[in-house]
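Peer 1: Those protein sequences? They're chains A and B, same order as listed.
Note that the numbering used here has the first sequence beginning at 1, numbered continuously upward.
Note that the numbering used here has the second sequence beginning at 288, numbered continuously upward.
Hints are computed from structural coordinates only; laboratory data are not their basis.
Be aware that a few hints might be false.
As the list claims (entries may be wrong) - To give an idea of the chain A side of the interface with chain B (calculated C-beta under 8 Å), a few residues:
| no. | residue |
| --- | --- |
| 1 | Met204 |
| 2 | Gly208 |
| 3 | Asp211 |
Stated by the list, open to error - Simulated restraints, written as ranges between beta carbons of each label pair:
| no. | chain 1 | residue 1 | chain 2 | residue 2 | range |
| --- | --- | --- | --- | --- | --- |
| 4 | A | Leu243 | B | Asn349 | 35 to 41 Å |
| 5 | A | Leu260 | B | Pro366 | 36 to 42 Å |
| 6 | B | Gln336 | A | Val235 | 47 to 53 Å |
| 7 | A | Ser24 | B | Ser395 | 34 to 40 Å |
| 8 | A | Ala179 | B | Arg345 | 38 to 44 Å |
| 9 | B | Arg327 | A | Pro255 | 43 to 49 Å |
Note that the Cβ used here is the ideal one computed from N, Cα and C, for glycine as well.
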Amino acid sequence: MRPLFRETLASVKRSPLLTGLSISMISLALYILGLFVLAVHNFYLALDEMEERIQVVAYIQDTATPEHILDLRRILTSIPEVKGVEFVTKAEALQRANRELPEFRDIFSNLENNPLPASLEIQLAPDSRTPEGTLNVVGTISSHPIVEGVEYGQEWVDTFFALSRIAGAASLLFGAAFAVAASLIIGTTMKIAVLARKQEIEIMQLVGARDRSILFPFLAEGAFTGMSGGILGTVLTYVTVKLMSQYVFTVNWIPNSWVLIGIAATITLGVITSGFSVRRQLKEISP
Amino acid sequence: MMTGHSGSGKSTVLKLAHMVDHPTLGDVYVNGFSSKRTARRDIWKLRRQVGFIFQDFRLLPNRTVLENVAFVLDVINTPRKEISSRAKALLTQVGIETKSNRMIEDLSGGEQQQVAIGRALASNPVLLLADEPTGNLDSDSTKKIMDLFWSINRSGTTILMATHDENVVRDYPKARLLELNRGELIKDSEHKVGY
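Chain A extracted, bound-state conformation (with noise of 0.2 Å):
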């Protein structure tokens, strides 16, 4: 046989614009499903932050002795839903008010008496940042003697999960529909190459080529088109990234394993369609 890799860029060199055409398509709908994967990216992304934000606040009273206060923390570390633990005194929660809300600077600085009192900010384990971990934590600590009251922000994290939830479901959804898209597209451009090729199959049939003679070729140009259409989307997609992080917002790269198994994606459907292809076209030549 042949090498491949030569026939196959002779092959090209033969038709540059069928072959330029069928890479633009496949690279068009990988971008438009980089794009789609993209978004979901850094939508996801935007969900993680929110969600490391989830925290349980346990309000002390101010009678509390520090041997109480050390107690409920070594309580608070033993709950696997527990990641860490924060003491805020009364001094540096009055500090952080002054700073947040500065609006109310002049009512802090003329108080005789701090009445903010001082906290334990729970950070919730990675796995536990759901509304059953939060309830879990919050059901430990609430009726402890010296915890004067707890603060969760129950709607935002309900809200939040919700929110999660129907992102996960939208996403796979549209994915899915994107991903079928793009198949497609690139299924019906591999399928144009070869029906564009169809008398050069009939002779090579006619003469005497085997069937696996006349289909190898065609399946390593499947291969290098869709691995071109691959490369050429992804490239496109990474300067669509650069040049919104420039000029609209910043934007986070998909991470490079997805990169590869897109590419992988579109070499493998190149191969497979044109297989499929050929062999039709060998089977209606010759049945």
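Following the hints, complete the assembly by docking chain B onto the known chain A.
Peer 2: Chain B only, in chain A's frame:
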């Protein structure tokens, strides 16, 4: 030569012999290959022994004369080093070697058919099937192609040619003549037809 009106079955006989079509009844034997017993994946073996020439030439338009013949030599796994020299030899055999670097669309109909014949000879076939090979040609080109067929035939290759051109039939009286009508052989110049 196989003659007969349109629809008499000339092309069908050629297609059956080349195993492009398959008989619904009976069997077709060509050089030891039975259409019934030859698996689809093995038909290529028959086709390397039986060349086919079309009325419309079926050449690749985006390639040169030499590339059209070399393409076939490549497809049938001719050693790479030999392809160029063999392609040139074939073009010399069919008398079109001076135009080997011309694109197919720059050639006349007769010249294109010469290339098609050269291509059909690439696998050294024992039998050449030709379906109205002069159907699209003027009288000068027809004579040139028919002379080429005679020379190929004299060198030992059997040619089965379908034509409805009475002039061709008349000009080559030495050829065995088969006449078909509605799918039946009604005349054979060398054998008595009938039961």
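Peer 1: Would you mind marking each hint as holding or not holding in the structure?
Peer 2: We went through each hint and held it up to the structure:
Look at A/Met204: its Cβ gets to within about 5 Å of chain B, closer than 8 Å, so that hint holds up. At a threshold of 8 Å, the smallest CB-CB gap from A/Gly208 to chain B is about 4 Å, leaving the interface hint in force. Hint on A/Asp211 holds. Least Cβ distance to chain B is approximately 7 Å, under the 8 Å limit. One distance hint, 35 to 41 Å for the beta-carbon pair A/Leu243 and B/Asn349, holds here, with the actual separation near 39 Å.
Checked against the hint of 36 to 42 Å, the C-beta distance between A/Leu260 and B/Pro366 comes to roughly 39 Å, which is consistent with it. Roughly 50 Å separates the CB atoms of B/Gln336 and A/Val235, a value that falls within the hinted 47 to 53 Å. Evaluation of the 34 to 40 Å hint for A/Ser24 and B/Ser395 yields a pass: the beta carbon distance comes to about 38 Å. Here the CB-CB span from A/Ala179 to B/Arg345 is close to 40 Å, well matched to the stated 38 to 44 Å.
Between B/Arg327 and A/Pro255 the beta carbons are some 47 Å apart, a value that agrees with the proposed interval 43 to 49 Å.
When the structure is compared with the earlier hints, no violation turns up for any of them.
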